[in-house]
Amino acid sequence: MQRARDGGAGGAGIDDAALAARLRARVRGEVRFDLGSRGAYSTDGSNYRQVPLGVVVPYDVEAGAEAVAVCSEFGAPLLSRGGGTSLGGQATNEAVVIDWTKYCHGLVSVDADARTCVVEPGIVLDDLSRQLSGHGLMFGPKPSTHSHCSLGGMIGNNSCGGSAQAYGKTVDNVRRLEILTYDGVRCWVGPTSEDELAGIVAQGGRRAELYEGLRELSLRCADDIRRGFPRIPRRVSGYNLDSLLPENGFDLARALVGSEGTLVTVLRAELDLVPVPPFEALVVLGYEDICAAADEVPQILEHSSPQQLEALDGRMAQLMREERSHLASLEELPRGGSWLLVQFSGEDREAVDRLIHDLLAALGRSPDDPTVAVSEDPAREQRMLRAREAGLGVTARPPDERDTWGGWEDSAVSPERLGDYLRDLKALFAEFGYDHPSLYGHFGQGCVHTRIPFDLKSAPGVAAFRGFLERAADLVTSYGGSLSGEHGDGQARGELLTRMFGQTLVGAFGEVKALFDPGNRMNPGKVVAPARVDEHLRLGAQWRPESHETHFGYPGDGGSFSRAVMRCVGVGNCRSRHGGVMCPSYRATGEEEHSTRGRARLLFEMLNGHADSVVGDGWRSTEVKDALDLCLACKGCKSDCPVGVDMATYKAEFLSHHYEGRLRPAAHYSLGWLPLWARLSRVAPRAVNALLRAPALARAGKALAGVAREREAPMFAQRSFVQWWTARGLAEPDPADPRTVLLWPDTFSNYLQPAIAKAAVRVLEDAGFRVAVPTQAVCCALTWISTGQLDTAERVLRRTVTALRPWIEAGTKVVGLEPSCTAVFRSDAPELLPDDADVQRLSRQFRTFSELLLNEAPEGWRPPSLGRSATVQTHCHQHAVMRYDADRELMRRSGIDADVLDEGCCGLAGNFGFEREHYSVSMKVAEQGVLPAVRETATSSLVLADGFSCRTQIEQGGTGRRPLHLAEALAMGLDGPLPAEHPEERSERPEPRARDGRLAAAAALGGGLAAAAALTALLRRRS
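Just so we're aligned, residue 2 is where the sequence shown starts under this note's numbering, counting upward by one.
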């Protein structure tokens, strides 16, 4: 297939099919030219969008080099990509994208004595830090994306982060690079002496041509480089021609750092390392406003040498409060309207204390000053620094619905001139009507971060965007500053470089580009001969998304599904591999398409707003369905994503429309309708259990139901919780009595593990509550929501609300035991039925078990003391919606020494892990942290998991442990000391019986006869 494209930066005249075939034949790796992969890589973290030709994921570095060779043979444009978080448009192009992060992430070698290491380009910074920790070493620069940015990307962008205050930019920490040019020159480069340079030139050939050309240019332009390159800590714009000057050792490696993949492909890098600081402490200083904070930066630097000197302003703090983000850190800030965070490191606490004391004395402050907060608690410090790092996400989607964008998000000046620059920048904001964007960043090096409410959807708005960037470029240049102090030029600033460097130096950049890449095939349109700043916009004046009727109300997005999808700005936290929950499917697969960001990209393409949108069939799209297929609907992104993407909701929405009028997967009927099947089990629960456990019948049933053969069906209880409750024969308490609570009988604790609900009754009654239980059939509709059967879910919820109306009207508190069901009422139901007042009331009345006991138990009640350690797995929905603070405190008061795991999702996630096609991913997710942690738990310790999915996964995951709900553990405590070993053995669970095999055979025979009789009757009627 031959596709016509515009020339220049694009891939005009490339035979896509032939190129893809050649790549598949010669490259050891994954070659993807499908629409889904191209859509997932169509944008980065910037304002720009370009659909790639295809994607190559090499298995090793040599395979990546071979991919470059094939592209060169075809003349295909090429883009090397790391974490894809670039804010200047460097990581999006109409090119073949090489994604190094899935396989090429090795730490090749470490020389601890020399403090160096060699890495492959796809290694993530945090992963490198973990592997180096045993040597007491680390890589100095640490950008805010450290959990998922790759070293290759850091080298491409010349990344920095707050720690650059002490350790410099990436360019200052690179010793050598192994590079590959588009035409095949492969070599290691670094500092080059005169003798070495002469030897290379004498050898002749293409490599000699490169070195000779660079030497001639550096000598000819030496005075222009010395005059034209700003002497500030954070000059990241332009090529590093200053590294080629004689006084800088003609260092070609450093000259190539920050070239954004426009000159060479980096295959390996030798890095300089620094010792991990033995001790750190943080002092936070409060100021009236951000300009006043900036004014004091020079004085701080005069009297100290901090490891970090970061700033955040009152606007960011306000947004954090409105978005209920990083509240603990906000509470620890001293008095002020803006703040500087000054971190010191030293050999011991006394040394660090002395540095802080000396600084405060020089500033005329003391530790007791209300505008000063000193911390020597590493956890507290990290929380506060993470709050600063969260700036991009916090400021991207303000509650006032004025979306903010990058474009002028990292300008830099000398720290001595920072305060005045900020005042002029704020005046420029006001002139363009961009009212009070947040200003924050790395003030110790004069680097300013901000996101601005540009209108990128209309022609006047785009024109104003361009006009602002031109004026801002002139402003920062007038201060002797840099367009970019961290994120690089790409397309966002490439066109503006002449304003900063002048024609001579920009011409020199072009000469360097022509030397390395005469055909303009390496990441074309970036830095040199750049596309316009208002071209290839992700939105733009021509963006016309299709409107979509939806089930969910999207109240946080103005009722718009399109705006909800646009929450993703490409930060990429969903690509982190440790900590939090998001994103389990990415952690299991390493696939961009199976990250929250990749899915959001394809949903954006589904809006069909551009002429070249890769998804043209809307809700029926196979590409979107495939990307969403491995979404566990864990809701981790709802809390962990800095802009609150809720992919579980988007998946449910998509599935509801995708399968409208179509036959669904078998699991949608077998697992999606679980509450109905559970109710029907009451007819003969023992027979049902026997059928589910009989080997031949179970295998056949699982095959028909779409359930993984490796899974054991959960056992139904002989008597449900509601049946047990009804048999108690207690009078129903008054709904208006403040001591009354309504215990929610979810499907799992009602039909499968009623001992949990019974235990909850014991504890609640011990606390002085009067417990009521709805005896009518009620359901939260969770399983219908997660499988996208939203019409049914709405009907079920409306029936449930009708049944609960007396309790809702009385304002009775409702307590949930299953976190996923509680999350439905706290989050999903109000969004699915936004106009139902009773649903909104019920949402406000719903409590978790721990919330109720901790905050609303009658005065004087104390939980039983267990005096036991516990490994605790938090349900993902609780992590995302209700949080776990109340549970931590209740366990503390109960004498439980809780190790609350930070190992992510358990992998079962409701129906997901039971489904045949998802079993392997489910177990891979579990084995990444949860199951190993449980296996390492002492047999005397408790294993606690309130979620049915979590308990099932742990029990079926070869751990030898049966987790308890917290209610069960507390109820056991009411009976006295727990057993010394395996305390869970005291819990009650349904167990199979020895004679159930014969019962299963009889039930199967009876069922077969009944089915035959029914079929005969049907045929007779038809005849």
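Everything labelled a hint here was simulated from the structure, so no lab data went into it.
Don't take each hint at face value.
As the list claims (entries may be wrong) - Simulated crosslink set (SDA-like; lysine to any residue; CA at most 20 Å straight-line): (1) K514 - E217; (2) K427 - G481; (3) K514 - E852; (4) K814 - A768; (5) K814 - E852; (6) K514 - A768; (7) K514 - E210.
Predicted, not measured: the structure shown is a model, and the values here were computed from it.
*With a cut-off of 20 Å on the C-alpha distance, tell me whether K514 and A768 pass.*
violated (74 Å)
*asked:* Holds or violated: K814 and E852, Cα atoms, limit 20 Å.
replied: OK: K814 and E852 at ~11 Å, within 20 Å.
_Pair hint K514 and E852, alpha-carbon separation not exceeding 20 Å_ = violated (62 Å)
*Holds or violated: K514 to E210, with C-alpha atoms at most 20 Å apart*: holds (13 Å)
*Are K814 and A768 close enough, with their CA atoms no more than 20 Å apart?*
Holds, at about 15 Å.
*Is K427 close enough to G481, meaning Cα to Cα at most 20 Å?*
At roughly 18 Å apart (the allowed maximum being 20 Å), G481 and K427 satisfy the hint.
*Decide if the proposed pair is consistent with the structure: K514 and E217, CA atoms, cutoff 20 Å inclusive.*
holds (14 Å)
The structure fails hints 3, 6 (numbered hints given earlier, in ascending order).
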